[in-house]
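Chains A and B, in that order, are what the protein sequence lines are. With numbering that gives the first Met the number 0, the residue at position 73 of the first sequence is 72, and numbering never jumps. With numbering that gives the first Met the number 0, the residue at position 171 of the second sequence is 170, and numbering never jumps.
Just so you know, the hints here were simulated from the structure itself, not pulled from any lab data. Treat the hints loosely; a few may be bogus.
No copy is singled out in the list; a pair is fine if it fits within one copy or between any two copies.
In silico SDA-like cross-links for lysine to any residue, where the CA-CA straight-line distance does not exceed 25 angstroms [to be verified]: (1) Lys2 <-> Ala91; (2) Lys52 <-> Pro169; (3) Lys2 <-> Leu64; (4) Lys2 <-> Asn42; (5) Lys52 <-> Thr32; (6) Lys2 <-> Gly139; (7) Lys52 <-> Ala33; (8) Lys2 <-> Arg142; (9) Lys52 <-> Leu31; (10) Lys2 <-> Thr36; (11) Lys2 <-> Thr174; (12) Lys2 <-> Thr145; (13) Lys52 <-> Thr112; (14) Lys52 <-> Glu111; (15) Lys2 <-> Thr71; (16) Lys52 <-> Ser80; (17) Lys52 <-> Gly110; (18) Lys52 <-> Gly25; (19) Lys52 <-> Ile166; (20) Lys52 <-> Thr133; (21) Lys2 <-> Met196.
This structure is a prediction, so every number in the text was calculated from the model and none was measured.
There are 2 protein chains.
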Amino acid sequence: MVKQERAARTRETLIRSAAEIFDRDGFSAASLTAISTRAGVSNGALHFHFATKAVLVDVVEETALIRLLAVTNGALPCGTSHLQLLVDVTHALADALHEDVVLRVGFALGGETSRPPRTDLRQCWRRWVEETLTRAEAEGELRRGTAVQDAATAVVAATVGFEVLGIRDPTWLATSTVTRFWRLLLPTLVAAAPLTMVEAGGTRQPSPVG
Amino acid sequence: MVKQERAARTRETLIRSAAEIFDRDGFSAASLTAISTRAGVSNGALHFHFATKAVLVDVVEETALIRLLAVTNGALPCGTSHLQLLVDVTHALADALHEDVVLRVGFALGGETSRPPRTDLRQCWRRWVEETLTRAEAEGELRRGTAVQDAATAVVAATVGFEVLGIRDPTWLATSTVTRFWRLLLPTLVAAAPLTMVEAGGTRQPSPVG
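Please build the complete structure, drawing on both the sequences and the hints.
See the structure below:
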């Protein structure tokens, strides 16, 4: 049992180290030796867990997907609109992308042309945004004349922009940046009546990112 | 003279071939042999023009910057608002990113962490957007209470999102996608009076991208 726990911990350390090295060196240039060195394990231990670099990349992406689902899969809190959930989840996603190198690298894999697309987190995110906006529309939360597709385009493009620009400059993932975006978009998105009820800054506790 | 022209043409072919290989294989994995083969020249000819791969990457980025400036540097046409110019230029940029692999690769270099940032086209684009919105504000084109910084955040994030998502799926760079974004944003951006005068679809001739 202790041995199994140790193996699971090594595996997790390797996934995180791989993400850190992919983040620093790029997917193609990243070496398995750099990854095992950062994880503090031997090359043999790395190969015991992951037969090839391609397998390791796939596992990083799958781990990132699980973390994305943890961000999006919360139930709609009682009394909250679908639009408020969308605002809150974009804030949570920005925080998670700032803090979690595995999630960040998982998203970046969506633009990696040297590898055939597999999971594609950006597409998963897009589907979630479209579904949430479709529910908001069904509940009459969207302003008359605002098409779900128009809103989804703007939200997905902007959040992927924050993700990509945040690689070099973390202020793109700050709460204030995401709030600024929502302050501009909400007036055209939200039906007149519930507008006052959607908080651009989200309804979570303030995060330390700013 | 003929010899100089031929050298200039070879240089251009090499820059384009390099961008195509960077686009396909990633910057780190791209091999100089693949680039010279695609350009139809010898390795020796490549080395005559570009001493190292790093030099070639820099030249691709500089060439992309010149093309970005060609998109942004048009004078304000008579009778056009700064906001209409901003809308028109985002459309022109999306078209150019769709058609021009050198420009696309130049933008992608802005997120390449394996290389210290140099020109960073995304930052150049951001500065141009901020300057244009500042001029729009000075001319009273912005709606009261809309901050230049809020608007710039949304426009830059969304256009970088289109750029990145367009790598896998060119419909993100289609005229209809960019128009959709502007239709949603313009009502909160534009002062009541000139709103009817800003065309979300741009004022250029329709492009074949759709």
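Homomeric proximity label, Lys2 with Thr174: Cα distance no greater than 25 angstroms: neither (42 angstroms within a copy, 57 angstroms between copies)
Evaluate Lys2 and Gly139 at a C-alpha cut-off of 25 angstroms and name the case that applies: within, between, both or neither. neither (55 angstroms within a copy, 69 angstroms between copies)
Pop the pair Lys52 and Gly25 into one bin, within, between, both or neither, using alpha-carbon distances up to 25 angstroms. both (13 angstroms within a copy, 16 angstroms between copies)
How would you label the pair Lys2, Thr71 (within, between, both, or neither) given a Cα cut-off of 25 angstroms? Classified as neither: same-chain Cα gap 34 angstroms, cross-chain 61 angstroms, threshold 25 angstroms.
Quick one: Lys52 to Pro169, C-alpha cut-off 25 angstroms, is that within a copy, between copies, both, or neither? neither (28 angstroms within a copy, 29 angstroms between copies)
For the identical chains here, do Lys2 and Thr145 meet the 25 angstroms Cα criterion within one copy, between copies, both, or neither? Result: close neither inside a copy nor across copies, 56 angstroms intra and 59 angstroms inter.
Can you give me the call for Lys2 and Leu64, within, between, both or neither, at a CA distance of at most 25 angstroms? This pair counts as neither: shortest intra-copy Cα distance 27 angstroms, inter-copy 55 angstroms.
With identical chains, the pair Lys52 and Ala33 could be close in the same copy or across copies; at 25 angstroms between alpha carbons, which is it: within, between, both, or neither? Both, since 12 angstroms and 22 angstroms are each at most 25 angstroms.
How would you classify Lys2 and Arg142 at a CA-CA limit of 25 angstroms: within, between, both, or neither? This pair counts as neither: shortest intra-copy Cα distance 57 angstroms, inter-copy 64 angstroms.
First find the shortest C-alpha distance between Lys2 and Asn42 inside one copy, then the shortest across copies, and answer within, between, both or neither for a cut-off of 25 angstroms. Cα proximity of Lys2 and Asn42: one copy only (19 angstroms, versus 53 angstroms across).
Taking 25 angstroms as the upper bound on the Cα-Cα distance, should Lys52 and Thr112 be classified as within, between, both, or neither? both (16 angstroms within a copy, 19 angstroms between copies)
Given identical chains, is Lys52 near Ile166, meaning Cα to Cα at most 25 angstroms, within a copy, between copies, both, or neither? both (23 angstroms within a copy, 24 angstroms between copies)
Comparing the model with each earlier hint shows violations of hints 1, 2, 3, 6, 8, 11, 12, 15, 16, 20, 21; every other hint is respected.
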